[in-house]
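Q: The primary structure of each chain is shown beneath.
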Amino acid sequence: MGTGLENTWIWGVRDMTMKQTKNNVLPVMMAPRSRPTDPFRLKAWHGLILASIVVLASIPAFAAEEPAKASIFDVLVRWMPLLLEGFVFNVVISISAMAIGTITGAALRLGQISLNGAVRKFAWVTTQFFRNAPWLVLLFFAMFLLPFEIKIGGLTIPLPDWLKAIFGLSLPVMANVSEIVRGGVVSLPSGQWEAAESLAFSRTQVLWRIILPQCVKRMLPPWMNLYSILTMATVLASIVGVSEMMTLTGQALAAEGGRSDLLIPFYSFVLLMFFIYCYPIARWTIRLEKKFAVIN
Amino acid sequence: MTWSDDQPMVSIKDLHKSFGALEVLKGVSMDVMKGEVICIIGPSGSGKSTLIRCINALNDIQQGSILVEGREVNDHKLDKLELRKKVGMVFQQYNLFPHKTALENIMMAPLLVLKQEKAEVEKLARQLIKKVRLEGKEDNYPGELSGGQQQRVAIARSLAMNPDVMLFDEVTAALDPETVNEVLSAIKELAQDGMTCMLVTHEMAFAREIADHIYFTDRGVIVEHGPPDTFFDDAKDPRTIEFLGQIL
Ligand SMILES: Nc1ncnc2c1ncn2[C@@H]1O[C@H](COP(=O)(O)OP(=O)(O)O)[C@@H](O)[C@H]1O
Ligand SMILES: [Mg+2]
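Protein chains in written order, with our numbering: chain H, 1215 to 1510; chain W, 603 to 850.
Watch out, some of these pointers could steer you wrong.
Taking lysine-lysine pairs in the DSS-like style, the calculated list, with each CA pair at most 27 Å apart, reads [what the hints assert, rightly or not]: (1) K636(W) - K682(W); (2) K615(W) - K687(W); (3) K717(W) - K682(W); (4) K615(W) - K1431(H); (5) K636(W) - K687(W); (6) K682(W) - K1335(H); (7) K688(W) - K733(W); (8) K1431(H) - K732(W); (9) K1257(H) - K1504(H); (10) K717(W) - K732(W); (11) K1505(H) - K702(W); (12) K1505(H) - K720(W); (13) K1504(H) - K702(W); (14) K702(W) - K679(W); (15) K1335(H) - K679(W); (16) K733(W) - K687(W); (17) K1504(H) - K1431(H); (18) K733(W) - K720(W).
I should point out that these hints are in silico values taken from the structure, not numbers from a laboratory.
Start from the sequences, fold in the hints, and give me the full structure.
A: Pasting the structure below:
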């Protein structure tokens, strides 16, 4: 399958090697290029299937026309505003956790190339620890270890569950961003460091002016992938009682008296919402990966 | 400082350098006066790059002394940034910053490191572009330039810091034959302007033409050195003779 695509992939690599030998430039490492046939990518037809499930599963209700039961479609429409509110909450959690995780993760990576040995060790251990821990466990830790409020001087800051969930989810994001930044930094030829250092740039200047600007392009696709994964992981927060979309769906179903014919349409709707949100991100990531695959 | 023009600009004494257990420099000494041009030649792996990179502290030193304008490089209190402001370096692989245009490559260090006025730096950068004969290429990115053009931008970038001594590490080794000369003539002009230059090179004719002194290194020691004519026509050491026999 996909022999045509594989051929273009191989050709891309060949073109690159030829280019290098011609210019005699040090080989600049390619960002790991995902195969065009990656089966785990979201495809448009996944969304179509989901949408049809929602509609089709709602139809039997019309046919049944039992006066005592409201039609599935009506029920779904009635709950939709609340469910969508829940989804907005998922988005808020994912964006916040991503923001915190990105900043702390970048700092963690810079710590790992610090000149101070103790800082370096601490940053390394932290990265490895959080990268190899299940997300749900980290979420539980944040939930039960963080207090419900913090007192700073006379000020009392409440820590609601959703805020704790954001912190909990930002931990694995932090560790993964740290690794993404590492990959970006090591993919640059060491000559960039040497050239900048020989021009009397300070270490900080080398990092911020020379190394990181060149890495950002290479780091963007894996970073966006991570964001997609994080967004889908926000439903974990339902397990610890945050009122995001999954939690609200469960509550809506309970309020309807646990009708089993509602399960598939409701959860398909949840899937559909996540699909509509994550699919464009996945497409965009692929576009960027193609664009940055060969950098000279 | 107590250093003055009549003392060597770069003075290396009994320099030892190891990478782990591998001793790469085993007691190298040389003096380079202001305005002098010296060439270092020798087989691959003999420690030429390592020697050059010790001078601007890209490599640290285990033993011995390097004085640059009287400043000791083998000193843990050394201010590396101050040293590097005075010592320019050009690499075999050009190492231009690919995300910056030719002009920006040249302007970056004077702006960020020396904190000079932007208008003045730009004026200087345009002069340097002209000096290395790259008018019209100011706004091109390194990826859009040939190897020889990139290397001339790299020379201009280094000159923008107004260094007192320039280090060149096999700067034509990665170039297509037809662009070697444009880079060599840029270096020659620089040498004629009185810049102190230390070059590692395999271009023997060029070395003979521009060098005041030639050093031949093999396995971490200076085997033989002398003025170009004596060195090339009257080499004494069998290793030098063998090397010259292979390369000429
Ligand atoms: N960073 C390094 N780590 C370990 N060994 C090195 C390093 N740089 C150079 N060497 C070794 O030092 C020796 C001299 O290298 P180099 O100075 O580059 O030689 P040349 O420039 O004369 O070809 C070689 O054996 C090389 O493998
Ligand atoms: Mg070398």
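Q: Each hint should be assessed against the structure and marked as holding or not.
A: Hints, one by one, checked against the model:
no. : hint                : in the structure
1   : K636(W) - K682(W)   : holds (21 Å)
2   : K615(W) - K687(W)   : holds (22 Å)
3   : K717(W) - K682(W)   : holds (17 Å)
4   : K615(W) - K1431(H)  : violated (46 Å)
5   : K636(W) - K687(W)   : holds (16 Å)
6   : K682(W) - K1335(H)  : holds (26 Å)
7   : K688(W) - K733(W)   : holds (20 Å)
8   : K1431(H) - K732(W)  : violated (32 Å)
9   : K1257(H) - K1504(H) : holds (17 Å)
10  : K717(W) - K732(W)   : holds (23 Å)
11  : K1505(H) - K702(W)  : holds (19 Å)
12  : K1505(H) - K720(W)  : violated (33 Å)
13  : K1504(H) - K702(W)  : holds (22 Å)
14  : K702(W) - K679(W)   : violated (33 Å)
15  : K1335(H) - K679(W)  : holds (25 Å)
16  : K733(W) - K687(W)   : holds (21 Å)
17  : K1504(H) - K1431(H) : holds (12 Å)
18  : K733(W) - K720(W)   : holds (20 Å)
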